[in-house]
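Working from the sequences, and respecting the hints, build out all of it.
When the letters of the sequence shown are read in order and numbered with this note's numbering, they come out as residues 26 to 432.
Don't take each hint at face value.
Unchecked claim - Quick list of simulated restraints, FRET-style, between CB atoms: (1) Gly143 with Lys28: 11 to 21 Å; (2) Val371 with Glu273: 45 to 55 Å; (3) Val63 with Lys156: 20 to 30 Å.
Simulated from the structure, these hints should not be mistaken for laboratory data. Ideal Cβ placement from N, Cα and C applies to all residues, glycine included.
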Amino acid sequence: MKKIEGGVTSPKGFKAASTAAGIKYQGRTDMAMIVSDVPCRCAGTFTSNIVKAACVQWDMDIVKSGRPMQAVIVNSGIANACTGEEGFEACRKTAGALTEAMDIPADTIAVASTGVIGMQLPVDKMSAGVKDMAGKLSDSAQAGTEASKAIMTTDTINKEIAVTFEIGGKEVTLGGMSKGSGMIHPNMCTMLGFITTDLLIDKNLLQEALSDVILDTFNMITVDGDTSTNDTLLIMADGLAENPEITEKNADYDTFYEALFEVCRYLARRMAGDGEGATKLFEAKVVNAKTKEDARILSRAIVGSNLSKAAIYGCDANFGRFLCAMGYSGSVFDQNDVELFFESSVGRLQVFKMGVPLTFDEDLAKKIMEQEEVTIFVDMHEGSKEATAWGCDLTYDYVKINADYRS
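Next up, the structure:
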C-alpha cells in the first residue's frame with residue numbers, strides 16, 4: 026500500500042466539483058458533488074441518533090435496497106434535520122436536479138447535509154448549484170481537494186487522502202474525504218465521509234469491511250460527547266480497476282481491508298485533531314486489556330473526559346483525571362495492575378505504576394504535553410487486547426464557537 030497525493034477523484038472513473046450556492050455561507054463554496062462514470066456497488070454506515078436527518082434516511086434506503094449508487098451531492102451550512110416532509114422533498118428535488126442535468130437515476134444519487142439543525146434547505150439554490158457543478162465535473166486532484174473544502178463547516182482544515190495497492194496484478198486506488206469538527210462522538214461520531222474506489226468487490230463484503238473498520242477508526246474519536254443527526258459514511262466501488270472480483274475473505278480482501286482501515290484511520294485522526302477550538306490531538310492508547318471492548322471503553326473514556334481534555338489544554342500532568350475517567354467507564358479492572366505514561370514527540374514519562382504514583386519531572390511532563398499530539402499510554406497488565414481513541418483538548422474557543430453557531 027502506498028499513500029499518494031489526492032482524494033476522491035484519484036480512483037478511475039470518479040469526478041468531483043464544487044460551487045458557491047449561497048446556502049448559508051457567503052464568499053465560499055458550500056456544495057460538492059462526486060460522480061462516477063458508471064453505477065457503483067455501495068456501502069454505508071450512519072448515525073445511531075434516533076433523530077436522523079432526511080438525507081440520512083434517504084441514503085440509508087439506497088444502501089439497504091441493494092441499488093447501485095452513482096453520485097453523492099453534499100451541502101454545508103444547513104443540516105436538513107428535523108425538517109419533516111419538506112426535508113424529504115428537498116432530497117428528492119436535489120437528486121432530481123442531477124437527473125435532469127446528467128440523466129443519472131435519482132434513486133442512485135445520495136445526498137448529504139451538514140450544518141444548522143431545524144432549518145429548511147433553499148431548494149432553488151441547491152438545484153442551481155447541482156446544475157452548475159454538473160458542468161464543472163473533473164477527475165483532477167484539485168477538483169477533489171476543492172470538494173473536500175466545500176463541505177467544511179467549523180472545520181479549519183480539509184481532510185482528504187488517497188492510497189494505492191495491488192489486487193491480482195491490477196493497481197487499485199482508494200480515495201476519501203471527510204468533514205467534522207464539532208458534535209463528534211462515537212456510534213457513529215459526527216461526520217460526513219465519502220470514500221471512492223475502483224476496486225471490484227462483492228457488495229456484501231464491501232459493507233462488512235466498512236462496518237468493521239469504523240469500530241476502531243471513526244467510532245474511536247470524540248470531541249464533545251454529542252452524536253449528530255447527520256453522520257454519514259459512504260463508499261462507492263465502480264470496479265474499473267478490473268481486478269479479479271473479491272467474493273470471499275481471502276488475501277485480496279485482507280489487502281483491501283488494510284487500505285480501507287488506513288484511509289478511515291487517517292481521516293478520523295484529522296477530524297479529532299481539528300475539533301472545535303482545539304490546539305492538540307489527544308490520543309489514548311490502552312494495551313494489555315482483558316478484552317477488545319474493555320480497551321475501547323477505557324481509551325474512549327480517557328479522551329472523552331472534559332477534565333482530561335482541560336488538563337491536556339493546560340499542559341497539566343494531572344494523571345488522576347485519566348485514572349478517574351477509566352474508573353467510571355464501566356470497564357472492571359484492578360487499579361493495582363495499571364501503569365500510565367505521558368508521550369509525545371519529545372519523549373515518554375511514566376507517572377503511575379501498579380497503583381502507586383511516581384515522582385516525575387514536572388518540567389519534562391509539561392514539555393511532553395505542549396506538543397501538537399499528546400498520548401496517554403496505559404498498560405492494564407490484565408490481558409492482550411488493545412485499542413486507541415482520539416480526541417482533542419478543551420479550550421475557551423470551543424464555547425465561543427458553539428455559543429453563536431446558529432448566527
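Measuring from beta carbon to beta carbon, are Val371 and Glu273 in 45 to 55 Å? With a Cβ separation near 47 Å, Val371 and Glu273 satisfy 45 to 55 Å, so the hint holds.
Taking 11 to 21 Å as the stated bounds, is the beta-carbon spacing between Gly143 and Lys28 within them? 40 Å, violated
Is 20 to 30 Å right for how far apart the beta carbons of Val63 and Lys156 are? 22 Å, holds
Violated hint: 1 only; the structure is consistent with all others.
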